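Peer 1: Put together the whole structure using the sequences plus the hints.
Chains as they are written, first to last, in the numbering used here: chain A, 46 to 373; chain B, 6 to 327.
Calculated from the structure, these hints are not laboratory results. Be a bit skeptical, because a hint or two may be false.
Said to hold, decoys possible - Here are the in silico distance ranges between beta carbons for each label pair:
| id | chain 1 | residue 1 | chain 2 | residue 2 | range |
| --- | --- | --- | --- | --- | --- |
| 1 | B | T169 | A | T228 | 54 to 64 Å |
| 2 | A | P126 | B | A199 | 21 to 31 Å |
| 3 | B | E206 | A | T327 | 50 to 60 Å |
Claimed, not checked - Derived contacts from chain A toward chain B, CB cut-off under 7 Å, selection only:
| id | residue |
| --- | --- |
| 4 | L101 |
| 5 | G134 |
| 6 | F141 |
| 7 | D143 |
| 8 | S147 |
| 9 | L148 |
| 10 | N149 |
| 11 | V151 |
| 12 | T161 |
| 13 | R164 |
| 14 | N167 |
| 15 | Y196 |
| 16 | H198 |
| 17 | R345 |
Stated by the list, open to error - Examples of chain B residues toward chain A, derived with CB under 7 Å:
| id | residue |
| --- | --- |
| 18 | G41 |
| 19 | R43 |
| 20 | R205 |
| 21 | V208 |
| 22 | S214 |
| 23 | A215 |
| 24 | L216 |
| 25 | S219 |
| 26 | H227 |
| 27 | P283 |
| 28 | W284 |
| 29 | P313 |
| 30 | S315 |
As the structure is a computational prediction, the values presented were derived from the model and not from experiment. Built from N, CA and C at the ideal position, the CB exists for glycine as well.
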Amino acid sequence: MALLTVRGLTTSFSTDQGIIRAVNGVSFTLEPGEVLGLVGESGSGKSVTALSIMRLVREPPAKVQAELLDFEGTDLLRADPRTLRDIRGSGIAMIFQDPMRSLNPVLTIGRQLTETLVRHINIDGNAARRRAIELLEMVGIPMAEKHLGSYPHQFSGGMRQRVMIAIALSCNPRLLIADEATTALDVTIQAQIVELVRTLTKNLGTAVIWISHDLGLVAGLCDRVNVMYAGRIVETGPVREVFYRPSHGYTIGLIGCTPRVDRVGTPLKPINGLPPNLMDDTPLCPFLPRCDVAIPACHRVRPELRSFPGGHFANCLADLTSRHAELR
Amino acid sequence: MAFSIRESATEMAVNFANDSDKIAPDEIPTVRFATGARLAARQFLRNPAATSGLVVLALLCLAAIAAPWISHFDPVQIKLSAKLKPPSWEHLLGTDHFGRDVLSRLLYGSRVSLSIGLLVVAFSTSFGVPIGMVAGFMRGHVENGLMRLMDAFLTFPPLLLAVTIVGLLGPDLRNVMLAIGIVQVPVLARIVRACTLSAREEVYVAAASALGASPLRIATRHILRNILSPIVVQLTIGFSAAIIAEASLSFLGLGTQPPNPSWGRDLADARRYMADAPWLFLSPTATIMLAVLSINFIGDGLRDALDPRSWRTRARAASVKG
Numbered sequence: 046m047a048l049l050t051v052r053g054l055t056t057s058f059s060t061d062q063g064i065i066r067a068v069n070g071v072s073f074t075l076e077p078g079e080v081l082g083l084v085g086e087s088g089s090g091k092s093v094t095a096l097s098i099m100r101l102v103r104e105p106p107a108k109v110q111a112e113l114l115d116f117e118g119t120d121l122l123r124a125d126p127r128t129l130r131d132i133r134g135s136g137i138a139m140i141f142q143d144p145m146r147s148l149n150p151v152l153t154i155g156r157q158l159t160e161t162l163v164r165h166i167n168i169d170g171n172a173a174r175r176r177a178i179e180l181l182e183m184v185g186i187p188m189a190e191k192h193l194g195s196y197p198h199q200f201s202g203g204m205r206q207r208v209m210i211a212i213a214l215s216c217n218p219r220l221l222i223a224d225e226a227t228t229a230l231d232v233t234i235q236a237q238i239v240e241l242v243r244t245l246t247k248n249l250g251t252a253v254i255w256i257s258h259d260l261g262l263v264a265g266l267c268d269r270v271n272v273m274y275a276g277r278i279v280e281t282g283p284v285r286e287v288f289y290r291p292s293h294g295y296t297i298g299l300i301g302c303t304p305r306v307d308r309v310g311t312p313l314k315p316i317n318g319l320p321p322n323l324m325d326d327t328p329l330c331p332f333l334p335r336c337d338v339a340i341p342a343c344h345r346v347r348p349e350l351r352s353f354p355g356g357h358f359a360n361c362l363a364d365l366t367s368r369h370a371e372l373r
Numbered sequence: 006m007a008f009s010i011r012e013s014a015t016e017m018a019v020n021f022a023n024d025s026d027k028i029a030p031d032e033i034p035t036v037r038f039a040t041g042a043r044l045a046a047r048q049f050l051r052n053p054a055a056t057s058g059l060v061v062l063a064l065l066c067l068a069a070i071a072a073p074w075i076s077h078f079d080p081v082q083i084k085l086s087a088k089l090k091p092p093s094w095e096h097l098l099g100t101d102h103f104g105r106d107v108l109s110r111l112l113y114g115s116r117v118s119l120s121i122g123l124l125v126v127a128f129s130t131s132f133g134v135p136i137g138m139v140a141g142f143m144r145g146h147v148e149n150g151l152m153r154l155m156d157a158f159l160t161f162p163p164l165l166l167a168v169t170i171v172g173l174l175g176p177d178l179r180n181v182m183l184a185i186g187i188v189q190v191p192v193l194a195r196i197v198r199a200c201t202l203s204a205r206e207e208v209y210v211a212a213a214s215a216l217g218a219s220p221l222r223i224a225t226r227h228i229l230r231n232i233l234s235p236i237v238v239q240l241t242i243g244f245s246a247a248i249i250a251e252a253s254l255s256f257l258g259l260g261t262q263p264p265n266p267s268w269g270r271d272l273a274d275a276r277r278y279m280a281d282a283p284w285l286f287l288s289p290t291a292t293i294m295l296a297v298l299s300i301n302f303i304g305d306g307l308r309d310a311l312d313p314r315s316w317r318t319r320a321r322a323a324s325v326k327g
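Peer 2: Now the structure itself:
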């Protein structure tokens with residue numbers, strides 16, 4: 046049985062100017078232990094999707110709707126606040142982008158770790174502290190016992206993100222959402238953190254949703270990838286399929302603007318233009334104005350999700366097989 | 006430290022639940038780490054200004070309680086034969102225009118002034134902080150209602166409002182306290198609301214909700230704890246303002262009624278003899294200054310002690326690079 050089933054998830058924000066559909070009919074499933082990538086440029090709805098699943102978008106002004114939003118048999122849309130709070134942290138945990146700001150500056154590391162443990166697992170203070178030391182050791186923090194009494198500002202960014210990971214994994218969640226978890230870190234730390242999360246979640250059997258705009262990271266890490274554009278999933282499939290045989294104009298564009306070590310000297314191809322205003326719902330493909338593979342049919346109908354070999358789906362009318370060779 | 010994944014540690018985590026069943030209770034090592042409160046207290050005591058402020062305030066409170074044992078003169082007993090005597094061995098701080106012992110009046114007066122200060126602070130905290138936090142946390146109509154009410158209070162000049170309240174309720178100590186407190190509540194509420202508004206948008210608040218913290222827990226542990234510093238600073242200002250406001254009300258005849266002593270009351274009386282008997286106004290002035298200064302030092306010390314980021318200690322040496 047799927048761990049998480051999302052069907053027709055739509056999150057809209059009502060503003061003075063009108064309704065913004067930040068997430069527009071997103072559907073996907075996640076199996077236990079699966080690692081799913083969520084890629085797309087800024088404003089494509091990746092983070093709002095994650096926050097909507099956790100029901101952490103503030104309602105109102107937002108409105109979260111879905112045909113189905115199921116986590117381990119719990120309907121997240123209709124669950125009462127208490128059930129949702131029980132799931133957050135122990136069922137689904139989240140790591141945020143900015144480790145400098147995601148720890149409470151006035152509470153000790155130990156306090157922040159044990160608090161979550163005591164909240165979700167029925168253990169006494171001493172057991173929680175013991176467990177906190179194990180967790181800090183698990184994420185590679187030296188002298189863990191000593192650092193329980195440290196404050197976040199005494200840690201560097203990478204160390205803080207390790208603490209965040211320790212807290213997120215403390216109650217053995219079945220799903221970890223990493224929202225740009227490495228974006229704010231420098232490259233060497235980034236690699237360490239990615240490797241840490243990868244190994245820990247693999248060992249613990251935790252499913253992961255990696256939200257990132259770093260295609261290289263997602264390519265190396267995920268089993269499957271969802272490409273999002275303008276609040277929709279435009280392409281989905283196994284990572285190798287999507288990146289080696291992209292079947293959507295946007296995915297081609299994204300790959301075109303990723304620097305590659307084996308293509309030194311080749312100019313990057315930026316995607317021209319800006320993402321569409323999410324207020325006006327176009328009847329055509331939302332990527333059409335920026336697409337350089339558009340065919341005449343694109344100007345007449347909105348593309349339906351098409352199936353490609355290898356469990357691969359894309360929302361595009363154009364045939365892109367001729368472009369695949371250049372991606373090798 | 007070089008990066009390494011500890012497989013064993015991971016397994017330990019996975020098997021944690023099973024582990025704890027196997028270990029006999031007396032084998033479980035007790036783990037302790039420094040708690041925030043203890044670290045903050047240590048930090049406070051390390052600050053010389055704050056510590057001396059605390060000592061001075063404690064001495065003032067002690068003197069107020071022990072007034073009958075320190076001075077044998079009745080603070081309200083008129084003795085015209087001894088009026089306006091300069092400080093001497095008999096009257097350490099001299100006598101006033103009715104021949105009353107100034108030291109005695111100061112000591113008994115501090116009972117009024119200190120309790121006004123403390124009670125007003127207690128009053129404005131118990132209303133201002135919840136109102137401000139609820140307004141900042143709930144937003145919408147609740148916020149609008151509460152804050153417009155506070156604005157309504159703020160439209161009156163504070164002293165005039167206090168005069169009106171005391172005028173309506175009658176001049177006794179409780180009403181004076183109430184009047185000064187009511188004047189201070191909206192100021193505190195506005196500050197608390199503003200701080201709450203910015204604190205609730207912090208990532209660590211979102212992170213706490215993502216870990217299943219309840220709104221009440223977020224409000225107290227994450228928001229209130231983070232906005233304590235500005236609240237404490239405002240409260241020390243409120244304490245000083247209360248002592249001075251009581252003096253103003255007494256001066257207008259609405260606070261402490263003659264012949265009872267209070268610092269402000271006596272200061273107001275002493276004004277007329279400034280040139281002839283300077284000890285009369287110097288003693289209450291100096292005492293008010295001492296009390297206000299020590300409260301301000303305590304406030305500064307608390308503000309620093311409550312914010313771990315401002316601690317400059319050995320802890321710095323323990324910073325981890327990663």
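Peer 1: Compare the structure with each hint and give your call.
Peer 2: Evaluation of the provided hints:
no., hint, in the structure
1, B:T169 <-> A:T228: 54 to 64 Å, "58 Å, holds"
2, A:P126 <-> B:A199: 21 to 31 Å, "27 Å, holds"
3, B:E206 <-> A:T327: 50 to 60 Å, "32 Å, violated"
4, L101, "6 Å, holds"
5, G134, "4 Å, holds"
6, F141, "6 Å, holds"
7, D143, "6 Å, holds"
8, S147, "4 Å, holds"
9, L148, "6 Å, holds"
10, N149, "5 Å, holds"
11, V151, "5 Å, holds"
12, T161, "5 Å, holds"
13, R164, "6 Å, holds"
14, N167, "10 Å, violated"
15, Y196, "4 Å, holds"
16, H198, "5 Å, holds"
17, R345, "43 Å, violated"
18, G41, "6 Å, holds"
19, R43, "9 Å, violated"
20, R205, "10 Å, violated"
21, V208, "4 Å, holds"
22, S214, "6 Å, holds"
23, A215, "4 Å, holds"
24, L216, "4 Å, holds"
25, S219, "6 Å, holds"
26, H227, "6 Å, holds"
27, P283, "48 Å, violated"
28, W284, "47 Å, violated"
29, P313, "4 Å, holds"
30, S315, "10 Å, violated"
Checked against the numbered hints given earlier, this structure breaks hints 3, 14, 17, 19, 20, 27, 28, 30; the rest are met.
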